[in-house]
Amino acid sequence: MEIRLAKHGDIEAIVPLMNQLGYSVTVALIQEKLRSLSDSPFDRVFVAVYDGQIVGVVSCHLTNLLHQAGYCGRITSLVIDENHRGLGTGKALLQAAESYFVESGCYKVEVTSSEHRNAAHEFYRACGYQVHGLRFLKVWDTQAESMQGIR
Numbered sequence: 001m002e003i004r005l006a007k008h009g010d011i012e013a014i015v016p017l018m019n020q021l022g023y024s025v026t027v028a029l030i031q032e033k034l035r036s037l038s039d040s041p042f043d044r045v046f047v048a049v050y051d052g053q054i055v056g057v058v059s060c061h062l063t064n065l066l067h068q069a070g071y072c073g074r075i076t077s078l079v080i081d082e083n084h085r086g087l088g089t090g091k092a093l094l095q096a097a098e099s100y101f102v103e104s105g106c107y108k109v110e111v112t113s114s115e116h117r118n119a120a121h122e123f124y125r126a127c128g129y130q131v132h133g134l135r136f137l138k139v140w141d142t143q144a145e146s147m148q149g150i151r
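Residue numbers (full-length UniProt numbering): 1 to 151.
Just so you know, these hints were derived from the structure itself, not from any lab. Backbone N, C-alpha and C define an ideal beta-carbon position, used for all residues, glycine too. A few of these clues could be false.
To be verified - Cut-off 16 angstroms, straight-line C-alpha distance, at most; resulting in silico cross-link-like pairs (EDC-like, lysine to aspartate or glutamate): (1) Lys33 - Asp51; (2) Lys33 - Asp43; (3) Lys108 - Glu122.
As the list claims (entries may be wrong) - Computed beta-carbon distance windows for the label pairs: (4) Ala119 - Leu29: 33 to 39 angstroms; (5) Asp141 - His84: 19 to 25 angstroms; (6) Ser113 - Phe42: 20 to 26 angstroms; (7) Arg125 - Ala28: 24 to 30 angstroms; (8) Glu32 - Thr63: 17 to 23 angstroms; (9) Leu134 - His84: 20 to 26 angstroms.
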């Protein structure tokens, strides 16, 4: 298995992965987002490739906080193809993300996960993550349609 930065040619494979995660995304949206994130010095998208097929993706973001030196790393999407789960792919992508965060000067990393994703919660706990804090969300009407697909 190879972990590498995502590139334009990966878009068609990333869309169904994001759909498995519960997001209703289009090729056009992922194309736009991948272009924007790839051009940013504060974001990385890594993919896992197994036998020439993309089987996982993780998106990583650096947040510069007012109250702390360094950055907070944030994982906003981590998904492994349902046919490749339990084989170490998620751990490999998580390690790539963590390496990026450490090299970028992050003092912590945070992940958000929907309450119903029990298997994901166990995965993060097994990788040394702890439940911390509480999240509040406000969705504006302009975003409501795109947010409806989130499970």
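>> Hint compliance check: list the failing hint numbers for this structure, sorted ascending.
In response: Failing hints, ascending: 1, 3, 4, 5, 7, 9.
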